[in-house]
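A.B. asks: As given, the protein sequences belong to chains A and B, one line each in that order. Going by this note's numbering, the residue at position 87 of the first sequence is 87; the numbering climbs one at a time, nothing skipped. Going by this note's numbering, the residue at position 115 of the second sequence is 224; the numbering climbs one at a time, nothing skipped.
Calculated from the structure, these hints are not laboratory results. Ideal placement from N, C-alpha and C gives every residue a C-beta, glycine not left out. Any given hint could be a false lead.
[Stated by the list, open to error] Footprint (simulated), chain B over chain A, 3 or more residues, beta carbon under 8 Å:
1) 14 to 24
2) 83 to 96
[Stated by the list, open to error] No farther apart than 30 Å at their CA atoms in a straight line, the calculated lysine-lysine pairs in the DSS-like style are these:
3) A:Lys52 x B:Lys211
4) B:Lys211 x A:Lys96
5) B:Lys211 x A:Lys60
6) B:Lys211 x B:Lys124
7) A:Lys68 x B:Lys124
8) A:Lys96 x A:Lys49
9) B:Lys171 x A:Lys96
10) A:Lys52 x A:Lys96
11) B:Lys211 x A:Lys77
[Unchecked claim] A partial selection of chain B residues facing chain A, derived with a Cβ cut-off under 8 Å:
12) Gly151
13) Gly217
14) Gly219
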Amino acid sequence: GDSVTQMEGPVTLSEEAFLTINCTYTATGYPSLFWYVQYPGEGLQLLLKATKADDKGSNKGFEATYRKETTSFHLEKGSVQVSDSAVYFCALNTDKLIFGTGTRLQVFP
Amino acid sequence: EAEVAQSPRYKITEKSQAVAFWCDPISGHATLYWYRQILGQGPELLVQFQDESVVDDSQLPKDRFSAERLKGVDSTLKIQPAELGDSAMYLCASSLAAGRGKFTQYFGPGTRLTVL
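Generate the whole structure from the sequences, applying the supplied hints.
C.D. replies: The following block contains the structure:
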């Protein structure tokens, strides 16, 4: 069945460091891909999405490119802030939304 | 900006008791979803509604869980009786429609359930 694999956390960075969170997927057909962010005690917020191969989703300095050839959708940010500390979920949608297990990001000043 | 509303935010109950969670989706959203998120994991779909009809409840433990969306707007998820393993975050989401990821799902803040 369809699945999403994310790198395990926590990812610990200093402020202004470069961020990469790896995400790969397995799916039949052509899924849409998403990154959601969850701040402590809150629900999920959509961060960015891409609906077809080579699309780049971007928001708030975060970017991810839909790579069909490597079945990947890695999340990147050039300079993280303390306020980016949260759990990040990669997800795919063919006929239902399937999430990875999440990657906790901790950014220290 | 319109949001998905959920209540209560937190619920503590004893095992074998009944609990109910409420969700009000974004106005105009025809599709409503209930997810369960166990600590340290990603959300898993329990049930999906299209208007007032259930379109997917394959992962809903029907012996103890029930969900309804009587008028195709707000929805209630019930657990009776609650078990220790039901402790989790229950998330509600809505989208304009369903369709292979074409329509973004927007999530509410969730209800954190603790069963003692």
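A.B. asks: A separate judgement is required for each hint: does it hold in the structure or not?
C.D. replies: Checked hints:
Requiring three or more residues with a Cβ within less than 8 Å of a Cβ of chain B, the coverage given for the stretch 14 to 24 of chain A is violated, as only 0 such residues are present. For the stretch 83 to 96 of chain A, the stated coverage by chain B holds: 7 residues have a C-beta nearer than 8 Å to a C-beta of that chain, and at least 3 were required. Restraint check for Lys52 (chain A) and Lys211 (chain B): satisfied, since their Cα atoms lie roughly 11 Å apart, inside the 30 Å limit. Between Lys211 (chain B) and Lys96 (chain A) the CA atoms are separated by roughly 11 Å; this keeps the pair inside 30 Å, and the hint holds.
Under the criterion of a C-alpha separation no larger than 30 Å, the hint pairing Lys211 (chain B) with Lys60 (chain A) is consistent with the structure, at around 22 Å. Proposed proximity of Lys211 (chain B) and Lys124 (chain B) is contradicted: the alpha carbons are some 40 Å apart, above 30 Å. A threshold of 30 Å between alpha carbons decides the hint, and for Lys68 (chain A) with Lys124 (chain B) the separation of about 46 Å lies outside it, so the pair is violated. Of the pairs offered as hints, the one joining Lys96 (chain A) and Lys49 (chain A) holds, with about 15 Å between alpha carbons and a cut-off of 30 Å not exceeded.
Between Lys171 (chain B) and Lys96 (chain A) the alpha-carbon distance is near 20 Å, which keeps this suggested pair within the 30 Å criterion. About 16 Å separates the Cα atoms of Lys52 (chain A) and Lys96 (chain A), which keeps this hinted pair within 30 Å; it holds. Proposed proximity of Lys211 (chain B) and Lys77 (chain A) is supported: the alpha carbons are some 25 Å apart, at most 30 Å. Satisfaction of the interface hint for Gly151 (chain B) is found here, the shortest Cβ-Cβ separation to chain A being roughly 3 Å, below the 8 Å cut-off.
The beta carbon of Gly217 (chain B) comes within 5 Å of a beta carbon in chain A, closer than 8 Å, and the hint placing it at the interface holds. Residue-level restraint check for Gly219 (chain B) holds (minimum Cβ-Cβ distance to chain A is 5 Å; threshold 8 Å).
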